[in-house]
Amino acid sequence: MLPRSTSAPVRPRRFGRYTALDGLAVLLYLILPLAAAFLPLGRIAAVAADPTAAVFLLNLGIYAVVFVAALLAARRYVARDLRILGTRPWFTLGILPLMLVAMLIVTVLVVMLSGGVQVSVNQTGLEDMARQVPWYLTAPLLILIGPFVEEYIFRHLLIGKLSLYLNRWICYAASLLLFAALHIAGREAITFQSLAPYLGFGLVLVFAYVWTANNLMFSYFLHALKNALSVVLIYTMDISSLAQ
Numbered sequence: 097m098l099p100r101s102t103s104a105p106v107r108p109r110r111f112g113r114y115t116a117l118d119g120l121a122v123l124l125y126l127i128l129p130l131a132a133a134f135l136p137l138g139r140i141a142a143v144a145a146d147p148t149a150a151v152f153l154l155n156l157g158i159y160a161v162v163f164v165a166a167l168l169a170a171r172r173y174v175a176r177d178l179r180i181l182g183t184r185p186w187f188t189l190g191i192l193p194l195m196l197v198a199m200l201i202v203t204v205l206v207v208m209l210s211g212g213v214q215v216s217v218n219q220t221g222l223e224d225m226a227r228q229v230p231w232y233l234t235a236p237l238l239i240l241i242g243p244f245v246e247e248y249i250f251r252h253l254l255i256g257k258l259s260l261y262l263n264r265w266i267c268y269a270a271s272l273l274l275f276a277a278l279h280i281a282g283r284e285a286i287t288f289q290s291l292a293p294y295l296g297f298g299l300v301l302v303f304a305y306v307w308t309a310n311n312l313m314f315s316y317f318l319h320a321l322k323n324a325l326s327v328v329l330i331y332t333m334d335i336s337s338l339a340q
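Position one of the sequence shown corresponds to residue 97 (the working numbering), numbered consecutively onward.
Be a bit skeptical, because a hint or two may be false.
Claimed, not checked - Think about it this way: if two alpha-carbon atoms lie no more than 20 Å apart in a straight line, the pair counts; the simulated SDA-like pairs of lysine to any residue are:
#1 257 - 113
#2 257 - 112
#3 257 - 117
#4 257 - 111
Since the hints were derived computationally from the structure, they do not count as laboratory data.
Start from the sequences, fold in the hints, and give me the full structure.
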């Protein structure tokens, strides 16, 4: 259950070993984007007319498939973690905004240490998408589907289950670095400055997951809350202007 004191994390729960469904979800997560890269999308008239919307729909489809596989694979943990959070609902609702504030502060500090703000290609892509796709279509991907898939893979699998085989600190580092690299790999050079925003973001997610005894749903809710804030900002202001 959640900690009785905010001074120290509770002891992490034990997990079952990897399952065939875990393997399927990871395989889909890795293979589907690669397969999509070889699709002759440029030959489709609708794609040529609105490539940003087409890429969004493709990403939505890929993440939706992985989401279903991940939800099936983690269904017992999802149900268990929701029951645990439900035993102290006011604590959960109160601590999530505080964690979000901590995430923003940590991210700013890491970005400052890296040399300052650098608008990432990923962020620019989100802003371009906001100009082409209405918020009620992007919100399900960015708030509901995407955060669950990423928390399942980078926290549940890389920390919760991988710690059965490796030292937990190695698992924390793998979760943090792979999570940050995912958001810029193939789009821009992997440097400390480009990784910094995602490292700050990931640090707090790793802490939240471990602090709540490897509670997948708590880290998911925190991730979803941060993305919800991002959606609001993207659709109401020019984020890139903050870096100038």
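Outcome of the hint check:
A distance of roughly 6 Å separates the Cα atoms of residue 257 and residue 113; the hinted pair therefore holds under the 20 Å criterion. A hinted pair counts as satisfied when its Cα atoms are at most 20 Å apart, and residue 257 with residue 112 qualifies at roughly 7 Å. Proximity of residue 257 to residue 117 is assessed by CA-CA distance (about 13 Å); at most 20 Å being required, the pair is judged to hold. Distance check on the hinted pair: residue 257 and residue 111 sit about 6 Å apart at the alpha-carbon level, within 20 Å; holds.
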